[in-house]
Amino acid sequence: MNSSLLLSWVTFGYFFSALFYLISLVLKKQGIGQVAGWIIRIFFLTQTGAIILRWVESYQMEIGHAPLSNLYESLIFFSWTIALIYIWIEWKTKSRAIGVFATPFAFLAMAYASFSPNMNTRIQPLLPALQSNWLIAHVITCFLGYAAFAVSCSLSIMYLIKKPRTGKKKDNQGLLSFFPGIPVLDELVYQTIIIGFLLLTVGIATGAIWAHSAWGTYWSWDPKETWSLITWLLYAALLHARMVKGWYGTRIAWLSIIGFACVLFTYFGVNFLLSGLHSYGAT
Amino acid sequence: MSKAQTSISLLSEILDFFASVKMALVLLITLAITSILGTILPQGEPLAFYRQLYTPWSGKLIGFLQLYDMYHSWWFQWLLLLLTVNLIVCSLKRFSSTWKVVTASPRSVSEHLFETLPFNQKFSLKEPPMDSRVWVQSLLGRHFGKLTPLSLNQGTAFYFEKGRFSRFGVYLVHSSVLVIFMGAIIGSLYGFKGFLEIKEGESRDQIFIKGPHALKKLGFSVRLDRFTMAFYPNGMPREYRSDLSFRENGQEKERAHLRVNDPFTYKGVTFYQSSWDQFPTSIKLSLKKGGQESEVGIKMEERVAVPGTPFSLLAVRYVNNMANLGPALGMILFKDQEEVDQGWVLADHPEFHGNRLGEFQLKVKDIKTQYISGLQVNQDPGVWFIWIGSSLMLIGFVVAFYFSHQQVWIWIRGKKDSSGADQTEILIGGTAHKNRGAFVRKMEQLTKKVRVT
Ligand code: HEM
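Chains B and D are the protein sequences, given in the same order.
Position one of the first sequence corresponds to residue 2 (this note's numbering), numbered consecutively onward.
Position one of the second sequence corresponds to residue 21 (this note's numbering), numbered consecutively onward.
There is no bait here: all hints are sound.
30 angstroms max Cα-Cα, derived DSS-like pairs, lysine-lysine:
(1) B:Lys163 - D:Lys454
(2) B:Lys29 - B:Lys164
(3) D:Lys213 - D:Lys287
(4) D:Lys468 - B:Lys93
Read the hints as simulated data drawn from the structure, not as lab findings.
Could you build all of it, start to finish, from the sequences and the hints given here?
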């Protein structure tokens, strides 16, 4: 038994969970949704175990460090955080329809980690600059924040699908009746954005502390840093638009989707298209 | 309208302009969009680079807009200044009304008050509660903290309140942004970023600072006692460490072990392990020419004669690892005073055919090297503002997002029902300055009990 094997099970587990959520929505069968819910919970626990196991394995190799050090490990953690936040939301709202939109993100992150041909999946020692507890705090908070934004984006998509069809006759029988109500969706979009914004802020601050201890500058306008600031500014604008200008619903949903696009660019785009200190993509 | 009045109304218009949230939105989005530019366009290159890369015309534009150092350009700084002014004016303008709300005593109950509250319900009970204060306390006390009786002519009224101070959360967030800006300004005005390369055993009392290669005196001297490296089993570097000692007037004051990610501060100047290099102290070479072999010992940048010939050798450069072939020496061969050849000699590959200068085949017998440690040397008196500002911002976020000022009024009064019998009417109403939806739902849940009784 090793962590890689467990993680490949998780990839398939998340795939089936996403599939079952979809089937349950299409066939309007609550039972299948329940199965999907069990699958994601079981594989979330498996993934938790696998991450811990990978950590232990790194100590057995005498290079012990938290499994958050390269693109592969970060994707696995990203997927884990999406599953975590989704399970929490399902438990809070008792709605499984959100699973159709949120669990594919968890699966896609795992699939990218597992199947991308250039992915370095080995456990590698940490270069001196990366040996920092602040860095661990930085990565954990950033990814929790990204995951909250991912879930917020899923909720926004649901909002945009449901909104134009509400108030119509078939509303009560259609697939959309399984979606949470429009005000609930709107509220959840906002709540998940707040969580993401808080965590992103902690992420940027801990990153600054790390950079300061490693290089003596807390901010150097490196492309990745700058993109995280761009993302942060966009969500700050969104919060003001909602809070003060009274923007609700559709506009906020679109802003949330654009915000998540910025998140994705910060995460992947910067690695592949721009150059900088954060060389996750290079390995 | 008098002149004074016009200028006052003009002033208030200007203030309104700078206080508007619309302006804040425009600024935040503009900052976000313009920031993209600097991540696409290479930063910090000389102007000639851009002229060559793009058309001369765009080179001019890049020069004018200072896009080569976009985040410090005049217009970007103007945007930040505008945001600052916007933030200050807006907060000052709103603060007085927040202060009024926070210091006000609770409003007394009236029909009109209940009509304006986002949550308000009326209940009729056949019998009045035995002790209305205890009844109200048991209904809502657990969730809404302090209960205040309101004095009244008709009936009894109570007032609950919690989270009054959460109204300051937003001000905390906004001032934290200013604290962070202040830290950045202080750092750029009174701090410096410097660099120091120092050999083992050497002392330095001045550093290079960024900009037009200026030297800066430290006011003390720093000595590199030892530089060490450690490796993982697979050969990847695990640790770089400089053992430093700090001296003043010839006296040792303090020692430090500097590692990557583990800086050391002496007298407000912080030293960071940044890079390393190696420097040969003595080199033994063997030279072969036509079956004749001789050995010479040389030092970097000191010309040494090859015994019994008119030739002499000079080592000008040393590279730690040349194209993954290990250490290499850059050498020049002279005949009398004339340069006749130059080339690289690979130390770890003695048979390499390129280890030739003129007619000599060179072999490195031995190199003794010395480490050079590259240290980043900074002073930033503003950095504490950054950390304090960030902490305040986070506290402010939690207060602004997760706490709200909640007020609940309860009015218990006698009333006759349609048949003329005595009844008790209870009005419950409340408001929250944030998350009204959640507040209303909570209130509905809590007041369900009333209907049951
Ligand atoms: C980077 C800068 C800024 C940050 C991080 C920031 C942050 C925040 C946050 C977190 C809130 C609370 C939002 C909520 O509860 O949903 C808020 C509210 C607000 N902000 Fe800002 N803000 C910034 C700049 C500005 C500027 C420039 C203005 C100028 C007009 C402004 C005006 C306001 C107003 C009027 C509110 C609502 C206050 C209330 O009545 O509760 N903000 N801001």
